[in-house]
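Novice: Given next are the chains, with one letter for each unit.
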Amino acid sequence: MSLLENKLTKLGIKLAEPKPPVANYLGTKLVGDLLFVSARVSELQGVVGEDVSEADAKKAARDTLVLLLAIVKKDLLDLDRIITVVKLQGFIRSGNKFTKQPQVLDGASELLIELLGENGRHARTATGVNQLPYGAAIQLDMILQVK
Amino acid sequence: MSLLENKLTKLGIKLAEPKPPVANYLGTKLVGDLLFVSARVSELQGVVGEDVSEADAKKAARDTLVLLLAIVKKDLLDLDRIITVVKLQGFIRSGNKFTKQPQVLDGASELLIELLGENGRHARTATGVNQLPYGAAIQLDMILQVK
Amino acid sequence: MSLLENKLTKLGIKLAEPKPPVANYLGTKLVGDLLFVSARVSELQGVVGEDVSEADAKKAARDTLVLLLAIVKKDLLDLDRIITVVKLQGFIRSGNKFTKQPQVLDGASELLIELLGENGRHARTATGVNQLPYGAAIQLDMILQVK
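Chains as they are written, first to last, in the working numbering: chain V, 1 to 147; chain U, 1 to 147; chain L, 1 to 147.
Bound-form chain V, shown alone:
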C-alpha cells in the first residue's frame, strides 16, 4: 500500500472503485508530467447558501476530492507517483447571496495538504455558478505533477 493510501486509511478514508464517467471523457489525461484530472461533482445536491450550509458544502468539497483521488489511483495505479498538486479549480453552486466559495473549497485544499504536506499546496480558483451537473453542490477538477 502506498504511503499516501496509508495516510488516507489513518484519516478513516477508503477509496472506492470510481464510477465510470457519465459521458464521453477520460477520468484523467497525462501529457508530459502533468496529469489533468477531469471534473467530478459531489454526491451532495443543492444550492449552497440556500438549501446547503457552508459547513456541509465544505465537507462535500473534501468528499469530492476523495472521488478525484480514487480516479487518479485507478489511472496511475500508485498514488505515490504524485509529485505535487499544481492547480485546483472549484465551482460552487451558489445562491445569489453566498460569497464564501474560498472557505468551501478549503475542504478539498486542507485534505491535499494533510496528505501531501508542502507538496499538497497549490494554486486555486473558487468560483460561484448557478447550476452544476446533476444539481450537485460542488464540482472540482485539478492538475497534478506526477512521475
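What the hints contain is simulated information worked out from the structure, not anything from laboratory work. Wrong hints could be hidden among the right ones.
Unchecked claim - Derived pair list, reagent style DSSO-like, types lysine-lysine, alpha-carbon separation capped at 27 angstroms:
#: 1; chain 1: V; residue 1: K59; chain 2: V; residue 2: K74
#: 2; chain 1: L; residue 1: K7; chain 2: L; residue 2: K19
#: 3; chain 1: U; residue 1: K10; chain 2: U; residue 2: K147
#: 4; chain 1: U; residue 1: K74; chain 2: U; residue 2: K7
#: 5; chain 1: L; residue 1: K74; chain 2: L; residue 2: K7
#: 6; chain 1: U; residue 1: K97; chain 2: V; residue 2: K19
#: 7; chain 1: U; residue 1: K19; chain 2: U; residue 2: K74
#: 8; chain 1: L; residue 1: K97; chain 2: L; residue 2: K59
#: 9; chain 1: V; residue 1: K7; chain 2: V; residue 2: K19
#: 10; chain 1: V; residue 1: K59; chain 2: V; residue 2: K19
#: 11; chain 1: L; residue 1: K73; chain 2: L; residue 2: K14
#: 12; chain 1: U; residue 1: K14; chain 2: U; residue 2: K73
#: 13; chain 1: U; residue 1: K97; chain 2: V; residue 2: K59
#: 14; chain 1: L; residue 1: K7; chain 2: L; residue 2: K59
#: 15; chain 1: U; residue 1: K19; chain 2: L; residue 2: K97
#: 16; chain 1: U; residue 1: K59; chain 2: U; residue 2: K10
#: 17; chain 1: U; residue 1: K74; chain 2: U; residue 2: K147
#: 18; chain 1: V; residue 1: K7; chain 2: V; residue 2: K74
#: 19; chain 1: U; residue 1: K97; chain 2: L; residue 2: K97
#: 20; chain 1: V; residue 1: K7; chain 2: V; residue 2: K147
#: 21; chain 1: V; residue 1: K74; chain 2: V; residue 2: K19
#: 22; chain 1: U; residue 1: K147; chain 2: L; residue 2: K147
#: 23; chain 1: L; residue 1: K74; chain 2: L; residue 2: K14
#: 24; chain 1: L; residue 1: K147; chain 2: L; residue 2: K74
#: 25; chain 1: V; residue 1: K14; chain 2: V; residue 2: K73
#: 26; chain 1: L; residue 1: K14; chain 2: L; residue 2: K147
#: 27; chain 1: V; residue 1: K147; chain 2: U; residue 2: K147
#: 28; chain 1: L; residue 1: K14; chain 2: L; residue 2: K59
#: 29; chain 1: L; residue 1: K147; chain 2: V; residue 2: K147
#: 30; chain 1: L; residue 1: K59; chain 2: V; residue 2: K97
#: 31; chain 1: U; residue 1: K97; chain 2: V; residue 2: K97
#: 32; chain 1: L; residue 1: K97; chain 2: U; residue 2: K59
#: 33; chain 1: L; residue 1: K10; chain 2: L; residue 2: K73
#: 34; chain 1: V; residue 1: K97; chain 2: L; residue 2: K19
#: 35; chain 1: U; residue 1: K19; chain 2: U; residue 2: K147
#: 36; chain 1: L; residue 1: K97; chain 2: V; residue 2: K97
Said to hold, decoys possible - Label pairs and their computed distance ranges (CB to CB):
#: 37; chain 1: L; residue 1: I83; chain 2: U; residue 2: N6; range: 34 to 42 angstroms
#: 38; chain 1: L; residue 1: K59; chain 2: U; residue 2: S2; range: 38 to 46 angstroms
#: 39; chain 1: V; residue 1: D80; chain 2: U; residue 2: D51; range: 49 to 57 angstroms
For glycine and all other residues, C-beta sits at the position ideal for the given N, C-alpha and C.
Following the hints, complete the assembly by docking chains U and L onto the known chain V.
Specialist: What follows is chains U and L alone, placed relative to chain V:
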C-alpha cells in the same frame, strides 16, 4: 489536405475562415508542445433547459468545436500537427433546473473522438453558468498537445 | 527595478504588498516553466450590468490584474522573469442580461499587452457567473511562462 481535414470533409464539415477575436486576445497560444485554444461561443443563443433544448445545445457544442478547429488550423496551418486532446472545458448557459451539462458537452467530445480516435479522448469539465458572451448557449476552450 | 516595473511606474501603477490568501492556497505554483497564478477577485463588488457599469467593470479587471502582478512579483522576486502570458481566465459576475464579458476582460488583457508587447498577448476565456467570492464583480487567474 491533412488526414484530419479529410475526415471532416467525409463528415460533411467544412472549416470556415474564423472570425477575428472580438476583443484583445489570441485565438491560440503555444507554450512548449501545449496549444492553449481561447474560448469561443456558439452562434446559438439562449438558455439551455429554457429556450434551448438539450438536443440543440448538444449540436451547438459540436458546432462550437468546429469553430475551435478552424482557429487551430489557421494558427497551426496543418491540423495533423495535433498529437492529442488534453483538456476540454465547457460552460453551458443553464436554466436553474437544467443539470445535463455533461450530455450537452458530449456533442464536442464525440466529434473529437470521431476525428482523432483514442488521441481524441480527453479530460473534461462541464459547468453550468447563468450568462455567456453575446447571450450564447455554449462556450468551449481546450488544450491540445501538438508537434 | 525591473523593466516591467519601470513600465508600471510610468503608467502610474504601484504594486502594493499583496494580502495573504484568504484561504488555504498559494498565490502561485511553479511547475516546469509554467507559473499557475491563483484567482483573485476585484475590490469592486456588485453585479455587472445591474449595479456595476461595463466601464467600471473593465477598470476593475485592470485593477485585478495589478493584484495578480503584485503576487507574481512577491513569488518570483523579479517580474522580468516573465517570458510570456499563456492563458488568462476571467469570471465576470453578470446580471442575466449582461453579455459583454469579453469587453470587460479587455481591461486586463490591454494592460498585459501595454506591459509586455507581443509577449503579453494570450489565449483567454471570459465567462459570466452569478456569484463570486466576497460578492466581487471580477475574478481572474492566469498561466505565465517564466524563466
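Novice: Are there hints from earlier that the structure breaks, and if so, what are their numbers?
Specialist: none
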